[in-house]
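Given these sequences and hints, build the entire structure.
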Amino acid sequence: NAGVTQTPKFRILKIGQSMTLQCTQDMNHNYMYWYRQDPGMGLKLIYYSVGAGITDKGEVPNGYNVSRSTTEDFPLRLELAAPSQTSVYFCASSTDINTGELFFGEGSRLTVL
Amino acid sequence: KNQVEQSPQSLIILEGKNCTLQCNYTVSPFSNLRWYKQDTGRGPVSLTIMTFSENTKSNGRYTATLDADTKQSSLHITASQLSDSASYICVVSANYQLIWGAGTKLIIKP
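Chains as they are written, first to last, in the numbering used here: chain A, 1 to 113; chain B, 1001 to 1110.
Read the hints as simulated data drawn from the structure, not as lab findings. Ideal Cβ placement from N, Cα and C applies to all residues, glycine included. Careful: at least some of the hints might be erroneous.
Said to hold, decoys possible - Between beta-carbon pairs, the in silico distance windows are:
{"id": "1", "chain 1": "B", "residue 1": "Ser1058", "chain 2": "A", "residue 2": "Ile15", "range": "46 to 54 angstroms"}
{"id": "2", "chain 1": "A", "residue 1": "Gly53", "chain 2": "B", "residue 2": "Ala1079", "range": "47 to 55 angstroms"}
{"id": "3", "chain 1": "B", "residue 1": "Asn1095", "chain 2": "A", "residue 2": "Asp26", "range": "23 to 31 angstroms"}
{"id": "4", "chain 1": "B", "residue 1": "Ala1079", "chain 2": "A", "residue 2": "Ser69", "range": "28 to 36 angstroms"}
{"id": "5", "chain 1": "A", "residue 1": "Gly53", "chain 2": "B", "residue 2": "Leu1014", "range": "48 to 56 angstroms"}
{"id": "6", "chain 1": "A", "residue 1": "Thr99", "chain 2": "B", "residue 2": "Asp1067", "range": "15 to 23 angstroms"}
{"id": "7", "chain 1": "A", "residue 1": "Ser69", "chain 2": "B", "residue 2": "Asn1018", "range": "45 to 53 angstroms"}
{"id": "8", "chain 1": "A", "residue 1": "Pro8", "chain 2": "B", "residue 2": "Phe1052", "range": "39 to 47 angstroms"}
{"id": "9", "chain 1": "B", "residue 1": "Thr1040", "chain 2": "A", "residue 2": "Asp56", "range": "26 to 34 angstroms"}
As the list claims (entries may be wrong) - Computed list of lysine-lysine pairs in DSSO-like fashion (alpha-carbon distance at most 30 angstroms, straight line):
{"id": "10", "chain 1": "B", "residue 1": "Lys1017", "chain 2": "B", "residue 2": "Lys1109"}
{"id": "11", "chain 1": "A", "residue 1": "Lys44", "chain 2": "B", "residue 2": "Lys1001"}
{"id": "12", "chain 1": "B", "residue 1": "Lys1057", "chain 2": "A", "residue 2": "Lys44"}
{"id": "13", "chain 1": "A", "residue 1": "Lys57", "chain 2": "B", "residue 2": "Lys1109"}
{"id": "14", "chain 1": "B", "residue 1": "Lys1057", "chain 2": "B", "residue 2": "Lys1105"}
{"id": "15", "chain 1": "B", "residue 1": "Lys1017", "chain 2": "B", "residue 2": "Lys1001"}
{"id": "16", "chain 1": "B", "residue 1": "Lys1001", "chain 2": "A", "residue 2": "Lys57"}
{"id": "17", "chain 1": "B", "residue 1": "Lys1109", "chain 2": "A", "residue 2": "Lys9"}
{"id": "18", "chain 1": "B", "residue 1": "Lys1017", "chain 2": "A", "residue 2": "Lys57"}
{"id": "19", "chain 1": "B", "residue 1": "Lys1001", "chain 2": "B", "residue 2": "Lys1057"}
{"id": "20", "chain 1": "B", "residue 1": "Lys1109", "chain 2": "A", "residue 2": "Lys14"}
{"id": "21", "chain 1": "A", "residue 1": "Lys44", "chain 2": "A", "residue 2": "Lys9"}
{"id": "22", "chain 1": "B", "residue 1": "Lys1105", "chain 2": "A", "residue 2": "Lys9"}
{"id": "23", "chain 1": "A", "residue 1": "Lys14", "chain 2": "A", "residue 2": "Lys44"}
Set out below in structure tokens:
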């Protein structure tokens, strides 16, 4: 019953450092998403993928990169971390981009100092 | 501009009481409306998904309503429990995008 698994749960970065947030799902979902959630705000879509080898930008892609080499994995890379990237990051997956229920991971809390 | 607005921003009620959360949207073209529950420090979990033709949908003590004419939805929680303390997020699907509301933070007091 793993569902969507994200690592790490917490991370503190210094300005200018890089890191990768890992996301894996075991439900064979084609669609995967990365969101960020700032305090008191709605979720904002960073990147999404409709299948292995295919990714596309969401609302707030600047400063991030993704790849989708397998159906299961959808890592999010932060290059040159900035304080504005301090947030909680959620990975999600679904069977369908329009009608399918989204299944979320537990979140990764990132602080950039 | 596609927008989803929720009210109230926060709500405190006593355990056992009922409450209703509101969601107004200006999203086009409409595909479906979802309610999610997000416990503190956890990812959102789906409660209901409603299409244009559905007026009411229940999930246990949670009942969602949809008025597509006025572009309003509500989530009614019956006989609240301490475990209902969470943020409740309204999401509207339109044109292969999901528009997220900021959520209503609900606190249930014993």
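The hints, checked one at a time:
{"no.": "1", "hint": "Ser1058(B) x Ile15(A): 46 to 54 angstroms", "result": "49 angstroms, holds"}
{"no.": "2", "hint": "Gly53(A) x Ala1079(B): 47 to 55 angstroms", "result": "49 angstroms, holds"}
{"no.": "3", "hint": "Asn1095(B) x Asp26(A): 23 to 31 angstroms", "result": "30 angstroms, holds"}
{"no.": "4", "hint": "Ala1079(B) x Ser69(A): 28 to 36 angstroms", "result": "48 angstroms, violated"}
{"no.": "5", "hint": "Gly53(A) x Leu1014(B): 48 to 56 angstroms", "result": "53 angstroms, holds"}
{"no.": "6", "hint": "Thr99(A) x Asp1067(B): 15 to 23 angstroms", "result": "20 angstroms, holds"}
{"no.": "7", "hint": "Ser69(A) x Asn1018(B): 45 to 53 angstroms", "result": "49 angstroms, holds"}
{"no.": "8", "hint": "Pro8(A) x Phe1052(B): 39 to 47 angstroms", "result": "41 angstroms, holds"}
{"no.": "9", "hint": "Thr1040(B) x Asp56(A): 26 to 34 angstroms", "result": "31 angstroms, holds"}
{"no.": "10", "hint": "Lys1017(B) x Lys1109(B)", "result": "10 angstroms, holds"}
{"no.": "11", "hint": "Lys44(A) x Lys1001(B)", "result": "15 angstroms, holds"}
{"no.": "12", "hint": "Lys1057(B) x Lys44(A)", "result": "26 angstroms, holds"}
{"no.": "13", "hint": "Lys57(A) x Lys1109(B)", "result": "42 angstroms, violated"}
{"no.": "14", "hint": "Lys1057(B) x Lys1105(B)", "result": "21 angstroms, holds"}
{"no.": "15", "hint": "Lys1017(B) x Lys1001(B)", "result": "36 angstroms, violated"}
{"no.": "16", "hint": "Lys1001(B) x Lys57(A)", "result": "19 angstroms, holds"}
{"no.": "17", "hint": "Lys1109(B) x Lys9(A)", "result": "29 angstroms, holds"}
{"no.": "18", "hint": "Lys1017(B) x Lys57(A)", "result": "43 angstroms, violated"}
{"no.": "19", "hint": "Lys1001(B) x Lys1057(B)", "result": "27 angstroms, holds"}
{"no.": "20", "hint": "Lys1109(B) x Lys14(A)", "result": "40 angstroms, violated"}
{"no.": "21", "hint": "Lys44(A) x Lys9(A)", "result": "19 angstroms, holds"}
{"no.": "22", "hint": "Lys1105(B) x Lys9(A)", "result": "23 angstroms, holds"}
{"no.": "23", "hint": "Lys14(A) x Lys44(A)", "result": "23 angstroms, holds"}
Of the hints listed earlier, those the structure fails to meet are numbers 4, 13, 15, 18 and 20, in rising order.
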